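Undergrad: The lines below spell out each chain.
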Amino acid sequence: MIELLSAAPPTSTGEALAFWVLAPVAVVAAVMILVSRKAVHSALWMATTMIVLAVLFIMQGGIFLGVVQVVVYTGAVMMLFLFVLMLVGVDASDSFVETLRAQRVAAILLALGVGGMLIAAISRATFPDAPGVGAANDAAGGHVEAIAEAIFTRYVFTFEAVSVVLITAAVGAMALTHRERLTPRKLQAELSVERMRSEHPTPYPSPGVYAQHNAVDTPALLPDGTASDASVPDELRRQGTVRHTELEGIGESDADEGDQR
Amino acid sequence: MSAATAVRWSEGGSQVISEASGMFGLTWLLIALPLFGAIVLLVGGRRTNSFGPVLATLLVGFSFVLGLVLFFQMLGQPGEERAFNQSLFEWAPIGDFSVDVGFQLDPLSMAFVLLVTFVGGLVHIYSLGYMADDPDKRRFFAYLNLFVASMLLLVLASSYVLVYVGWEGVGLVSYLLIGFWNAKPAYATAAKKAFVMNRVGDIGMSLAIMLMVTTFGTTAFSGVFAGAPEASSGALLALGLLLLLAATGKSAQLPLQAWLGDAMAGPTPVSALIHAATMVTAGVYLIVRSNPIYNLSDGAQLAVVLVGVLTLLFGAFVGTAKDDIKKALAASTMSQIGYMILAAGLGPAGYAFAIVHLLTHGFFKAGLFLGAGSVMHGMDDEVDMRRYGALRKAMPITFITFGAGYLAIIGIPPFSGFFSKDKIIEAALADNIWVGIAAILGAGITAFYMSRVMFLTFFGQKRWADETHPHESPRSMTVPMILLAIGSVVLGAVLVIGGRFVSWLEPVVGPEEEHDFAIPVLAITAIIVAVSLVGVALAYVMYLRRPVLVEAPTGSVLTRAARQDFFQDAFNESLFMRPGQYLTRFLVFFDNRVIDGFVNGSAAAIGGGSARLRRWQTGFVRSYALSMLAGAVLVVGVLVLVRL
Amino acid sequence: MNPENYLYLATILFVIGAVGVLVRRNAIVVFMCIELMLNASNLAFVSFARLNGNIDGQVVAFFVMVVAAAEVVIGLAIIVTIFRTRRSASVDDPNLLKL
Amino acid sequence: MNDFPVLTTLGVLPFIGALIVAALPRGRELLAKQIALIVSLAMLVLTVAIAFAFEPDAAEPFQFVEKTPWIEQFGISYAVGVDGIALALIAMAVSLAPVVILSGWNDADDNERHRPQTYFALILALLGCIVYVFVATDLFLFYIAFEVMLFPVYFLIGMFGRGQRTYAAVKFLLYSLLGGLLLLAALIGLYVVSAQQLGTGTFDWTLLAGMPIDPDTQKILFAGFFFAFAVKAPMVPLHTWLPDAATSATPATSTLLVGVLDKVATFAMLRLVIPIFPDASEWAAPFVVTLAVISIIYGALVAIGQTDMYRLIAYTSVSHFGFIILGIFAFTEIGGSGSVVYMVAHGLSTAALFIVAGYLVKRRGSSLMPSFGGVQRVAPVLAGFFLFAGLSSLAMPGFASFVGELTVLIGSYQRWPVAAAIAVIGIVLSSLYVLIMYQRVATGPATENVKGMRDVFPRELVAFAPIIALTIAVGVFPRPIFDVINPAIERTYSFLNVDPVEPDVPASDAIEREVTD
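In order, the protein sequence lines correspond to chains W, E, D and S. Okay, so the first sequence: first residue is 1 according to the numbering used here, each after it adds one. Okay, so the second sequence: first residue is 1 according to the numbering used here, each after it adds one. Okay, so the third sequence: first residue is 1 according to the numbering used here, each after it adds one. Okay, so the fourth sequence: first residue is 1 according to the numbering used here, each after it adds one.
In case anyone wonders, no lab produced these hints; they're calculated from the structure. Errors might be hidden in some of the hints.
[To be verified] 20 angstroms max Cα-Cα, derived DMTMM-like pairs, lysine to aspartate or glutamate:
hint, chain 1, residue 1, chain 2, residue 2
1, E, Lys462, E, Glu512
2, E, Lys184, E, Asp380
3, E, Lys184, S, Glu448
4, E, Lys462, E, Glu573
5, W, Lys38, D, Asp56
6, E, Lys393, E, Glu382
On a predicted model such as this, the values are computed, not experimentally measured, just so you know.
Between the sequences and the hints, there should be enough to build the whole structure, so can you do that?
TA: This is the structure in structure tokens:
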């Protein structure tokens, strides 16, 4: 161990140990993102990878970056992903049948090509002795100070540009998701009139309440034992994520089909 | 140019060409008068219908009178000073090269001026009667005037370029008049044929002009002839052959003879003026005019003689078989011009007689054609001689005038043809015995076929239908015929006896060569006349003693061949026309399919390629991402390979 | 251990992310894979900072994060918008890039 | 010579006219036509004035010169001026302008989608471009005019043509753009060479002409220039756009296209190609002459096989352009001057043919010869015009084209006897295609097709009469044209190193010998 350390001075044993534990975790988590049928699972594996990466940042002297990684990525971005997932239907799982000819093979081959060549490049490159960022930190009087100094002096224009990007993104997101009201908003009086005139003046039946399932996506059963689609919100029906009870013996296959559209 | 330039052309005549002054300054007017008439009639349109024909006739008459005045003026000059040059303006000056629009009036062109304006004037008068009822009479006279102007331009020009202008002009008018009644498709075809075959001859004229400019730097007669002795023999031979090619086209000589028979589609006065008396003799004029070139090239002269002999026999044989009176006369014209070409090919010995025969032929052949026209006029435009017969009583004047022409052409003394043809045959005999024998043989055949025409038309039994009422033609037609008949009778004697015309032409073509014969000249003359009489007798036996069938008998192989003009049309068609049509069709196909096919093909290839490329744009984001990755692989790969 | 191993790890993660972008059809997962690729490159930047002994690599990684955040915001907004009209989050379904 | 910018006026006038005409509202069609006619007549008057003020024997190459820097970074200036050749061709173009406008008076009236205003505006714009091509002494200005010229033609064919007009218009445009592309490439190359040779790059003709260029470079640049002009001229085998364009375009457009616009190519060979690339021109001359002779014979033969009058006329032009190029590359003064006269004459004869054919087609609604027959019976004057046009095309003496054809043949025989001898066959073929066309259309008994066909009416007569007058005038008295172009031709060929052609036995010497004897 001692010899090993002296042979490879820049890294401590602890770091090596941590790397060899964490790196596989990161790779496995990354692969799991790829192979999870449900987007939610992918998101969770993604969070795992990010946290691992945050640790790796910290191990390499990027304490500030590691914290930001946890706060911004794992905290904010991943939550955003999950929100959107909720909006589009959290339960849907993807089909893995490839529709584009040779896409998968070509993708893997090309990716291996890129990876292979990058690894070849790295392996043949000569690197400096990896002094670490300690000296830079000390020159600025601390790690955060060093980063702050870099951002607000050398990279101030980049910083400003990035802030513009962020603001634009915020405005853009609002503009994209904002829906223009095309008709005047209906007031309660109009709504009630409309409802009375429709074929269905009474409230729709509420979703089914069962021992196994008790959720808005489970239809209620009519007296003759058939499921009433009207008891499930339109949105879910459109998404095809209506969950039929096992009583009907239909199972969950419906949901899969719905997503394969 | 100095006031007077002495020009001695090699072995030829020598004449002093001086600037035209006094009356001779009016030379241009000879051409301008009929040209003016043509323009007035063509541009004036229907407004000139009433007075146009008369105006046209008068203008040609004025030209003739002016020509006559100039002739007598010229007679007043000493022999060598009878040439005058009039330069109007520079036509195309480029650097050292220049073409002058200028005229040369000398004894040779003077003879033509008189012939053209006199016969032309008579034909105009004749046409007043002949075309009286034609709705397009005005146009006809306009063309006739244009013809006279072009023909005069041809013979008066002082340079080959200007000759070419007149040459093409007469060709154009010939086309217009052959196709005058082009409502008949066959006539339109005949006109086109004539023009195109003439144009083949014009290749010779064009090339000759090009060669002249390259060799001499000019196309003016004076320059070319002055330079000729120093030119290479190859150039002279080429010039001679090219000019001969031009002459064969215009004068319907072998091998470009095929158009003349069809040209009879034109109105008969046209046949008389253009296709008998004047235009077709332009080839003879060209060769005689170019005598300084031919004198220097034996090869070219030999070719001329050959063409002449072959054509005179060819035309004579064809003439024996034709039943259409005009086509028989056309064949005769071809044969007679053969004599002239032959004479022109004999060199100084023959030039003068070529022109003499040309002049006498101009009279008697025009007379014959006008007579034929008169017969057709009286016979409701019937042209088949087998349906004539015994017309001498119905048309006495026509009979007599036609008879005068007939006696002249077969060379019975003292009619004019006798003098001119006799001299040519003598010269031919002196040159080469075989050529002479061929010429004598031709004379015999001439006598035979012309007697045939005469007997079939005016003697024997009447073979026309009863509803036909042959009658004598009106005065306007008979008077020109009578005048021409008088010419047919006396002109030969006037010109030849005492060597008048020979000495008249001497400044242009040089002195006549004396030739010696083993037997007395008188004996030769007797032989020629005897051969002609044999021909007459043969015709008498065949067409007067025996009854003539209305339908032509099948005849021997030779007769059938002669009727078909010895398959000249089939020959031309199979050798030139058909292959030409196939070539044209092939080229049209080649152009549309191969060249344009290549163009459209490349367009289609690009279009197809784009359509194929477009399929790469699937619209699937992931495909695009894939190609981006492929690009990344490329970039990284290149970087790795290059940098490391 | 050699610090270059971080770079190898970054490469592997990047490649996995790239494959994910290419083979997954769910737009959200595709997005996550893009984030993965960005993160992989961030790791490389941080490693380079360490190897070179200066702070700049970390600063660049920081900027990458910010831009990535902006990108996620816009991207997800687009996904939501598309989903509203097309009822699908598949990147194949709306082959919008074709006429 | 005063400083009035007369050439600019001449060039800009039609563009102003075009803008005015195009701006006229619907319902003012007659006014549009009248304005177009007046503008063209004004151009004619101006050109006549220029012609009278022109001094043929002046020492400097160009007259009425105007020069203003334009894009100084690239040595581009707005430079215009005329020499004799340009003047002759401008005069020809401008003389045809009123004729074309008059003969095409009603061409656009039946068009459902486009207004006559557009039609006449495009014609005027085209005239402006043509003037600029001829007067430009800056190669860049020339190039711009050369390329911009395509678009009025493209729209004239595409908007106002008939039959496969879109196909024809696109084909024309693509062909021309291909040539133009190579021209542009060669032009840039020339600019680079000029920068090396002269220190500063320039597009000024006066500096470029006679500039020493490395022979190999010259050949490459020559190829670029020549290809562009061979497409436009058009030479076999780059000619197939012409029959399609001529068949689809209105007669007025065809006249301008074939009669005037294509002359730009042969003009440019004289103006640009020979003075700037003399060595390469000499080097390529045998090849060019061969192509020219092939064009002559091939164009004529294919013309004989056509059944559509417009196509036939187009192919005759291929043949005639062969003559023009043969004359240019004869490198003799006779050939060069002859080819310029031939250009003028061909403009007149093509105009005559297209316009009369247009009259016929307008009456019958078809340009196929079998749909006619016996026109002479019902419309003798029209048939007479047709024959006149045909004779003009087959170079009948007394007509303008005879002067050109004869001098071209003489001039080319001096240097290329064999080529000239083969080219002479063209005169037989020309008589064939003209007479076959006339025979099919006008002779024979009047067919059902032409019953009741109207003879020429006054507007048509007025449009055609100037062509007759000019054709005959140039044919009988071409000397003024020769006087104007001879010095320019001499100057053009002075850039070459060819041996002057001398007669073997100069007749003038011979006559002098005779006289002294």
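Undergrad: For each hint, tell me whether it holds in the structure or not.
TA: Against the structure, the hints:
no.	hint	in the structure
1	E:Lys462 with E:Glu512	violated (49 angstroms)
2	E:Lys184 with E:Asp380	holds (17 angstroms)
3	E:Lys184 with S:Glu448	holds (16 angstroms)
4	E:Lys462 with E:Glu573	violated (39 angstroms)
5	W:Lys38 with D:Asp56	violated (38 angstroms)
6	E:Lys393 with E:Glu382	holds (18 angstroms)
Hint violations for this structure: numbers 1, 4 and 5, all remaining hints satisfied.
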